[in-house]
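Asks: Below, each chain spelled out in residue letters.
Protein chains: 4
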Amino acid sequence: MCGISGIYGHPNASELTYLGLYSLQHRGQESAGLVSSDNKKLYSHKGMGLVSSVFNHQSLIALKGKAAIGHVRYSTTGSSLLKNAQPFLANSPYGEIAIAHNGNLVNSKELRDTLQKKGSIFQTTADSEIIIHLMAHSTKKSLSDRLTEALLQIKGAYCLLLITRKKMIAVRDPNGFRPLCLGKLNNSLVVASESCALDIIQAEYIREIEPGEILIIDENGTSSIKPFPKTKPSLCIFEFVYFARPDSKIFGESVYLTRKRLGGKLYRESPVKSDLVIPIPDSGNYAALGFAQKSGINFEYGMIRNHYIGRTFIQPRQEIRNLDVKIKLNPVKELLKGKRITVVEDSIVRGTTARSRIQSLRRAGAKKIDMKVSCPPHRFPCFYGIDFSSKGELIASSHSLEEIRKFIGLNSLSYLSLEGMLAAMPLPKKNFCTACFNGNYPIPVPKKTGKHILEK
Amino acid sequence: MCGISGIYGHPNASELTYLGLYSLQHRGQESAGLVSSDNKKLYSHKGMGLVSSVFNHQSLIALKGKAAIGHVRYSTTGSSLLKNAQPFLANSPYGEIAIAHNGNLVNSKELRDTLQKKGSIFQTTADSEIIIHLMAHSTKKSLSDRLTEALLQIKGAYCLLLITRKKMIAVRDPNGFRPLCLGKLNNSLVVASESCALDIIQAEYIREIEPGEILIIDENGTSSIKPFPKTKPSLCIFEFVYFARPDSKIFGESVYLTRKRLGGKLYRESPVKSDLVIPIPDSGNYAALGFAQKSGINFEYGMIRNHYIGRTFIQPRQEIRNLDVKIKLNPVKELLKGKRITVVEDSIVRGTTARSRIQSLRRAGAKKIDMKVSCPPHRFPCFYGIDFSSKGELIASSHSLEEIRKFIGLNSLSYLSLEGMLAAMPLPKKNFCTACFNGNYPIPVPKKTGKHILEK
Amino acid sequence: MCGISGIYGHPNASELTYLGLYSLQHRGQESAGLVSSDNKKLYSHKGMGLVSSVFNHQSLIALKGKAAIGHVRYSTTGSSLLKNAQPFLANSPYGEIAIAHNGNLVNSKELRDTLQKKGSIFQTTADSEIIIHLMAHSTKKSLSDRLTEALLQIKGAYCLLLITRKKMIAVRDPNGFRPLCLGKLNNSLVVASESCALDIIQAEYIREIEPGEILIIDENGTSSIKPFPKTKPSLCIFEFVYFARPDSKIFGESVYLTRKRLGGKLYRESPVKSDLVIPIPDSGNYAALGFAQKSGINFEYGMIRNHYIGRTFIQPRQEIRNLDVKIKLNPVKELLKGKRITVVEDSIVRGTTARSRIQSLRRAGAKKIDMKVSCPPHRFPCFYGIDFSSKGELIASSHSLEEIRKFIGLNSLSYLSLEGMLAAMPLPKKNFCTACFNGNYPIPVPKKTGKHILEK
Amino acid sequence: MCGISGIYGHPNASELTYLGLYSLQHRGQESAGLVSSDNKKLYSHKGMGLVSSVFNHQSLIALKGKAAIGHVRYSTTGSSLLKNAQPFLANSPYGEIAIAHNGNLVNSKELRDTLQKKGSIFQTTADSEIIIHLMAHSTKKSLSDRLTEALLQIKGAYCLLLITRKKMIAVRDPNGFRPLCLGKLNNSLVVASESCALDIIQAEYIREIEPGEILIIDENGTSSIKPFPKTKPSLCIFEFVYFARPDSKIFGESVYLTRKRLGGKLYRESPVKSDLVIPIPDSGNYAALGFAQKSGINFEYGMIRNHYIGRTFIQPRQEIRNLDVKIKLNPVKELLKGKRITVVEDSIVRGTTARSRIQSLRRAGAKKIDMKVSCPPHRFPCFYGIDFSSKGELIASSHSLEEIRKFIGLNSLSYLSLEGMLAAMPLPKKNFCTACFNGNYPIPVPKKTGKHILEK
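Protein chains in written order, with numbering that gives the first Met the number 0: chain V, 0 to 455; chain F, 0 to 455; chain H, 0 to 455; chain E, 0 to 455.
There could be a bad hint or two in this list.
To be verified - Facing chain H, from chain E, some residues (calculated, C-beta under 8 angstroms):
| hint | residue |
| --- | --- |
| 1 | Asp112 |
| 2 | Thr138 |
| 3 | Tyr241 |
| 4 | Arg244 |
| 5 | Pro245 |
| 6 | Ser253 |
| 7 | Ser294 |
| 8 | Tyr440 |
As the list claims (entries may be wrong) - Partial selection, computed: residues in chain F whose CB lies under 7 angstroms from chain V:
| hint | residue |
| --- | --- |
| 9 | Tyr42 |
| 10 | Asp198 |
| 11 | Glu333 |
Said to hold, decoys possible - Covered by chain E, per the in silico footprint, the following chain F stretches (three or more residues, Cβ under 8 angstroms):
| hint | stretch |
| --- | --- |
| 12 | 16 to 22 |
| 13 | 220 to 230 |
Think of the hints as simulated: they come from the structure by calculation, not from any bench.
Glycine included, C-beta positions come from ideal geometry on N, C-alpha and C.
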C-alpha cells in the first residue's frame with residue numbers, strides 16, 4: 000500500500016507535505032519521498048525508512064518552492080530498493096515532471112514490453128515510471144492531453160499526484176479503488192489519500208477527488224477533466240475495515256463510526272456470553288468498542304502496547320525468542336485471570352500472529368476465549384494495491400473455519416458475513432470492491448502474476 | 000525518574016536485561032546503560048537516548064557473562080550528560096563495582112562535601128557515585144558490611160542494583176518509596192522496578208524486595224540483610240496514579256485495576272451528564288474506563304494517537320507551528336461534533352498540554368467539555384525521585400480550581416479528593432507518601448534544593 | 000576527470016574492482032560506483048565521496064558475480080548529485096546494461112534534444128545515459144552492432160566500460176584522448192584507466208586498448224572491432240604532465256620517467272643558481288627531481304605535508320583563517336632560512352594556491368625564490384574531459400608572464416616551452432593533443448559551452 | 000605515544016587547540032580530546048579516532064572560553080577505550096581540574112594501590128587519573144603546592160598540561176624525556192609537544208619548557224617553579240630518529256636537519272655502490288636524502304604512496320590478500336628494473352613490514368637491494384612512553400644481523416652505530432636516553448611490566 004499527499008500555493012509547501020506524509024505513515028513505511036517546485040525547477044529528496052528518518056531540516060529547506068508532492072511506500076510491485084522510492088522524477092521532452100502513485104496497474108507488463116520495443120529504457124520497476132514514458136511518447140501538445148492519452152492506456156487502480164514546474168495534477172482511476180481527497184489551507188489547495196493529512200495541518204476538507212477525475216491545479220486555479228467512459232465504482236472496502244486511519248474520512252465517510260458499526264453488527268450476527276471484550280490493539284479497538292456497546296459487556300484493555308518500540312529494536316536471538324518474548328503486547332494478568340474473554344480483531348491473514356496473541360492470553364489465565372473478526376475470511380489476493388499474500392498464504396483460502404479455530408487455539412471463532420459487512424458500510428453496497436472476500440474482480444487480472452505478500 | 004533491572008545466573012544475561020530495560024523505557028528516556036559480569040571482569044555500555052538506539056547486537060555480545068544490571072534514566076539530579084548515565088562503574092580498592100539507582104538522596108550535598116574533604120574526586124553529579132565512594136572509604140572487610148556502612152549514611156529514596164565480579168545485590172530504602180520486585184526465570188533470579196520487566200522475558204513474579212531489605216545474590220544462592228531501624232513505609236502513590244505501566248504489578252498490586260478504581264471513585268465524587276467519556280491517551284485510559292463503567296456513559300476514543308512519532312521527528316518551524324499542527328493526537332470529528340464530553344486525565348502539572356488538547360477538542364465540535372482528574376491537585380515538589388517542577392511551576396500551587404478551569408478552557412473541572420484517592424488504593428492508606436499533594440514529607444528535606452522539573 | 004576499472008572472470012570481481020577504483024581515486028573524488036554481474040542479473044552500488052567511504056564489506060558482498068565495472072567521478076558535465084554517479088544502469092529492451100565513462104562528449108546537447116523528441120526521458124545529466132538511449136533506439140540485432148551504431152553518433156573524448164549479464168566491453172574513442180589499458184590476473188581480464196589499477200591487484204600489464212577499438216569480453220574470450228574511420232591520435236599530454244599517477248604507465252609509457260625528463264628539460268631551458276631545489280608536494284616532486292639531477296643542485300623537502308588531513312576536516316572560521324593556518328603544508332624553516340630556492344611545480348591554473356605557498360616560504364625565511372613550471376602556460380579550456388576553468392579563469396589566458404610573476408610574488412618565473420614539453424615526451428609529438436596550451440582543438444567544439452572549472 | 004597542546008588567553012582557544020592537535024596527529028591516532036575553560040567552568044569533548052572525526056563545528060563551539068588543553072593518544076598504558084581518552088576531567092575538592100599526559104609513569108601500580116587503600120576509586124587505567132588523585136589527597140593550600148606534592152611522588156616520563164577554571168599549567172619531568180615547547184600568538188601563550196603545533200597557527204616559538212619546570216599561566220602572567228632535585232637529562236633520541244615530525248623543532252633543534260645528518264653518517268659508516276637511493280616513504284625520506292647527498296648517488300621515489308588511504312578502508316578478504324595487494328605503496332617498475340638499489344629506513348621493529356616492502360621491490364625488478372637503517376638495532380623495550388613491543392617481539396633482541404638480513408630478503412643490511420647516531424645529534428650525547436638500544440634505563444623500571452607493543 001502507499002500514501003500520497005501534495006499542496007499547491009503555500010510558501011511552506013515541502014514542510015506541510017512532510018507533515019501530510021507523516022500522518023499517512025500507516026499506509027507505507029518502506030520509503031518516503033518529496034518533490035517540490037519553485038516554478039523554475041523541481042527538487043527531490045527520497046530515502047528508505049520512515050518519514051521522520053528520511054527527512055531533516057536541511058533536506059526540507061533544500062526542497063524549495065510553493066508546490067510539493069510526496070509519497071510513502073509499502074512495495075506492491077517493484078522490489079524494495081531506493082530506486083523504487085517515489086515520486087519518480089524525470090526529464091521529459093517537455094520539461095521536468097514527477098509522479099507519485101497509490102495503487103497497482105494490472106497491465107504493466109504489456110505496457111513495459113511495448114515501450115521497450117520503442118527504445119525506452121527503464122530505471123525502476125515501479126508503475127509510475129511507465130506512466131511518464133507513455134506521456135513522453137504522446138504527440139499531443141498540452142500536458143493534460145498527454146496525460147489523458149497515457150491514462151487511457153493503463154488499467155488498474157491508481158491515485159496519482161503529478162508535479163511540473165507550473166502545475167500540480169491529481170488523478171483518481173475510473174473505478175475509484177483508492178481514496179483521494181481535496182482540502183484547502185487558506186489560499187492553498189491540498190490533496191491527500193486520507194483526511195488525516197488535512198487535519199494535521201489544519202486544512203479544511205472540501206470533497207473527494209471523484210473516480211475518473213483529473214484535477215489540474217495551477218496559478219489560474221483548478222480545472223477538472225473526466226475523459227474516461229462511465230464506470231461502476233469499486234471502492235476498496237478493506238480501507239474501511241483495516242487500512243485507513245480511524246480518525247480519517249475516506250470516500251467521504253468516517254472510518255471510526257464505520258468500524259464501530261462493524262463491531263455492532265458482529266455482535267448481532269454472533270452473540271456470546273463473556274466477562275469482558277478486548278481488542279487486539281490497535282487495529283481491533285473500534286470494532287471491539289462497537290461490539291462492547293451493542294452487547295453491554297465491559298470493554299477492557301486486555302493487552303498493553305509498548306509505545307517505545309522502534310525500528311532499530313534488536314530482535315532477540317533464537318534462544319531468547321523461545322522464551323516467547325512479549326516485545327509488543329503484554330496481557331494484564333490481574334484483569335484476565337479466570338475470565339471468559341471475547342477478543343475482537345479486524346482481520347486474519349496468515350493466522351500466526353493471532354495464534355501467538357491467544358497463547359499469550361491463555362498463559363495470562365483467560366479461561367475461555369472467543370474471537371470475533373470484523374470482516375469475512377480473506378480468500379483471494381488483491382491486484383489493486385493491497386499487498387495480500389498470494390492465495391496460498393491466506394489461511395482462509397485453504398482452511399475451514401474449524402481448522403482455523405483449532406490452529407489459533409480458540410473456544411470459538413466467528414467472522415462477520417459479507418452481507419453484514421456491506422450493511423455496516425456508510426455507502427450503498429454496490430459501490431464496493433469485495434474481491435479479496437469473494438473473488439469478484441471488477442477489472443480482469445492477468446492469469447499469472449508475481450508474488451504478493453501481505454505484511455500487516 | 001529511572002528504572003532498573005538485573006538478572007543473575009543466565010547465559011543471556013545482557014540480552015535479557017536489555018529486554019527488561021526496554022519494558023521499563025517509560026521510566027526514563029534520556030539515557031540507558033548495562034553492566035555485565037563474567038566472574039572475571041565487568042563490561043559496560045551506556046549511551047544517550049532510547050534503549051533501542053543505545054544498544055545493538057555487537058554491544059550486547061560484548062557484554063559478556065551470566066549476570067547483568069541495567070538502568071534507564073530521566074535525570075532527577077545530575078545534568079543531562081553521557082557521563083551521568085548509569086550504571087556507574089568504578090575500580091574500587093576491592094575490585095570493580097557498578098551501581099544503578101532509582102530514586103533521589105536528600106543529603107547528597109553534605110555527603111559529597113565530606114568525601115571531597117577526604118580527597119575523593121568526582122566524575123559525575125549522580126547520587127550513585129556517592130554510594131561507591133562511601134563504600135570505598137569503609138574499612139569493613141566484607142562487601143555487604145561496606146555497603147551497609149554506606150547505606151546507613153545516606154538519606155532519601157533509593158532502589159539500588161549493584162554488581163561485582165561475583166555478586167549481584169538489590170537494595171530498597173527503609174521507606175520503600177520506589178517499587179522493586181523479584182522474579183525467577185528457571186534457575187536465574189531477576190530484579191526489576193516493575194513486574195512488566197519480568198513479563199517480557201516470561202519470568203515468574205516471586206515477591207517485592209521489602210523496604211529496608213538488602214538482597215545478596217551469588218553462586219551460593221540468596222541472603223537478606225535488614226540493617227535499618229524499623230520505619231513507617233512511604234510508598235509513592237503517584238506510581239499507581241501515573242508513573243508505572245498499567246500492565247505492571249507494583250508494591251505487589253495491579254496498577255490497571257487501581258487506576259480503574261480511581262476512575263470509578265472519580266465518578267462517585269463528581270458525577271456528570273455527558274454523551275461520552277474519553278481519555279487523554281494513553282495515560283488517562285484506565286481511569287476513563289473506570290469512570291465510564293461506573294457511570295454507564297459510553298467510553299470512546301476521542302483522540303487518535305499517531306504511532307509513528309519518533310525521536311527524530313522534525314519540529315515544524317514557527318510559521319507552521321502557528322497552524323497548530325496536530326502531530327501527536329488527532330480528534331475524531333464525526334464522533335465529537337455537537338456532543339457533551341467528559342475528558343479523563345491522570346494529572347495536571349503545568350496545564351499547558353491540557354489546554355492545547357481541550358482547544359483541539361473544541362475545534363473538532365465538542366459542545367461541552369468537563370474534565371475529571373484522577374488525583375488531587377499537585378501543590379508540592381517531590382524530593383524522592385519524581386521530576387516535578389519546583390513549586391512555582393505546578394499550576395495548582397499558585398492557582399485556584401476556578402483559575403485552572405478557565406486557563407484550560409473547560410465547562411467544569413474536578414479533581415479526585417485525597418481521601419478518595421487513598422480509598423481507591425489496594426493497600427492501607429498509612430502506607431503511602433502523599434507529599435506532592437499535601438506537603439507531608441516523610442523524610443525531612445533540605446531548605447534550599449536545586450531546580451526540579453517534571454517533564455511529562 | 001574520471002577513472003574506470005573492470006574485471007571479467009574472477010570470483011572476487013567486485014572486490015578487485017573496488018581496489019582498482021581505490022588506486023584511481025586521484026582521477027575523481029566526488030562519487031564512486033560499482034556494477035557487477037553474476038550472469039543472471041546486474042547489481043549496483045553507488046555513493047557520493049571517496050571509494051573507501053562509499054563501500055563497505057556488506058555492499059561489496061552484495062555485488063555478486065564474476066564480472067564488474069567501476070567508476071570514480073569528478074564531474075565534468077552533469078552536476079554534483081548522487082543520480083549522476085556512475086556506472087549508469089538501465090533496463091534496456093535487450094536486458095540490463097550499465098556503462099562507465101571517462102571523457103566528455105562535445106555533441107551531447109544535440110543528441111539529447113533528438114532523443115527527447117523521440118520520447119526518451121532522462122534521469123541524469125551524464126553523457127553515459129545518452130549512449131544507453133542511443134543503443135536502445137538502434138534496431139540492430141546484436142549488442143556490438145547496437146553499440147557501434149550508437150558510437151558512430153557521438154563525438155568527443157571517451158573511454159567506456161560496459162557490462163551486461165554476459166559480457167564486458169571496453170571502448171576507446173578514435174582520437175584516444177584518455178588512456179585505457181588491458182591486463183590479466185591469471186585467467187581474468189582487467190581493464191583500467193591507468194596501470195596502477197593493475198599493480199594494486201598484481202595483475203599483469205598486456206597492452207593499451209587502441210584508439211578506436213571496441214574490445215568485447217565474454218565466456219568465449221575476446222574479440223576486437225574497429226568500426227571508425229582512421230583518425231590521427233590526440234593523446235592528452237596533460238595526463239603525463241599532471242593527471243596520471245607517477246607509478247602508472249599510460250599510453251604505454253612511464254609517467255615517472257616522463258616527468259623527470261620534463262624537469263631536466265626545464266633546467267636546460269631556464270638554468271638558475273640556487274642553494275636548493277624543492278617541489279610543491281606532491282605533484283611537482285618528479286619534475287623537481289629531474290631538475291635537481293640535471294642541475295646538480297640539492298633536492299630537498301622544503302614543505303612537509305600533513306598526512307592526516309581528511310575530508311571531514313573542519314575549515315577554521317574566518318577569524319582563524321586570517322592567521323593563515325598551514326593545514327596542509329608546513330615549510331621547514333631551519334632548511335630554508337636565508338637560502339636561494341628554486342621551486343618546481345607542474346602547472347599553474349589560477350595562481351592563488353601558488354601565491355599562498357610562496358608567501359609561506361618567504362615567511363619561513365627564503366631569501367630568493369625562483370619558480371619553474373614543467374609545462375607551458377595554460378591559456379585554453381579543455382573540452383575533452385579535464386575540468387579546466389573557462390578561459391577567463393586561467394590566469395595565463397589574461398595575464399603576461401611578468402604579471403603572473405608579480406601576482407605570485409617570485410624573483411623569477413619560467414615555464415617550459417611547448418616544444419620542450421613535447422621533446423620530453425616518450426612518444427612522437429604528432430600524437431598529442433595540446434589544445435589547452437595552444438588552442439588547436441582536434442575535434443571542433445560548440446561555440447557556447449557551459450562553465451568549466453579546474454579544481455586541482 | 001601521545002601529543003599535547005594548549006593555549007591560554009585567546010578568544011578562539013578551542014579551535015586553535017584543535018588545530019594544534021591536528022598537527023600532532025602523528026603522535027597518536029586512537030583518541031582525541033579537548034577541555035576548555037571560560038573562567039566559570041570546564042567544558043570537555045573526547046572521542047575515539049582521528050582529530051578530524053572526533054570534533055565538528057558544534058562540538059568546538061560548545062568548548063567555550065579563552066583557555067584550552069588537548070590530547071591525542073596512542074595507548075601506552077590503559078586499554079583502548081573511550082574512558083581512557085584524555086584530558087582526564089574531575090571534580091576535585093578544590094574545583095574542576097583536567098589533565099593531559101604524554102609519557103609513562105613507572106610507579107603507577109604502587110601509587111594506585113596506595114590510593115585505593117585510602118578509599119580512592121578509579122574510573123580509568125590512565126596515569127593521568129593517578130596525578131589528580133594525588134593532588135586531591137594533598138593537604139596543601141595552593142594549587143601549585145598540591146601539584147608539586149603530587150609530582151614528587153611520581154616517577155617516569157611525563158609532559159603534562161593541566162587546566163582549572165583560572166589557570167593553565169605545563170609540566171616537564173626532571174629527566175625531560177619528551178619534548179614540550181612554549182610559543183606565543185599575540186598576547187596568548189601556547190604550549191605543545193612539538194613546534195609544528197605552533198606553526199599551524201602561526202604562533203612564534205619562544206623556548207622549550209625545561210626539564211623539571213612547572214610553568215603556571217594565569218591572568219597575572221607566567222611563573223616557573225623547579226621543585227625537583229637536579230637530574231641528568233634523558234631526552235628520547237628516538238623522537239629525533241623517528242617519532243617527531245620532520246618540520247618540527249624538538250628539544251630546541253631541527254628534526255629535518257638531524258635526520259639528514261643521520262643519513263650522511265650512515266653512508267660514511269657503510270658506503271655502498273648503487274644505481275639509486277630510495278626511502279621507505281615517508282619516515283625514511285630525510286635520512287635517505289642525507290645518504291644520497293653524501294654519497295652522490297641519485298635519490299629517487301622508488302615507491303609511490305596512495306594519498307587517499309583512509310581509516311575506513313576495507314581490508315581485503317584472505318583470498319584477495321594472497322594476491323599481495325599493494326594498498327599503500329606501489330613501486331615504480333620502470334625506474335627500478337635491473338637496478339642496484341639502496342633502501343633507507345629509519346628503524347626496524349618486527350621486520351615483517353620491511354620484508355613485504357622488499358619483496359615488492361624485487362617483484363618490480365630490482366637486481367640488488369641493500370638496506371641502511373638510520374639507527375642501531377632495537378633490542379630493549381621503552382618504559383617512558385613509546386609503545387615498543389616487549390623484548391620478545393623486537394626482532395633484533397633475538398636475531399643476529401645476518402638472520403634479520405635473511406628474513407627480510409636483502410643483499411646486505413647495515414644499521415647506524417650507537418656512536419654514529421649520537422654524533423649526528425645536535426646536542427651533546429650525554430643528554431640522551433638510549434635505553435631502547437643499549438638497555439641503560441635512566442630511571443629504574445619495575446621487574447614485571449605489562450605488554451608493550453610498537454605499532455608503527
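Asks: Take the hints in turn and mark each one as holding or not.
Replies: Consistency of the hints with the structure:
no. : hint       : result
1   : Asp112     : 38 angstroms, violated
2   : Thr138     : 43 angstroms, violated
3   : Tyr241     : 15 angstroms, violated
4   : Arg244     : 7 angstroms, holds
5   : Pro245     : 5 angstroms, holds
6   : Ser253     : 4 angstroms, holds
7   : Ser294     : 13 angstroms, violated
8   : Tyr440     : 31 angstroms, violated
9   : Tyr42      : 17 angstroms, violated
10  : Asp198     : 5 angstroms, holds
11  : Glu333     : 4 angstroms, holds
12  : 16 to 22   : violated (count 0)
13  : 220 to 230 : violated (count 0)
Comparing the model with each numbered hint stated earlier shows that hints 1, 2, 3, 7, 8, 9, 12, 13 do not hold.
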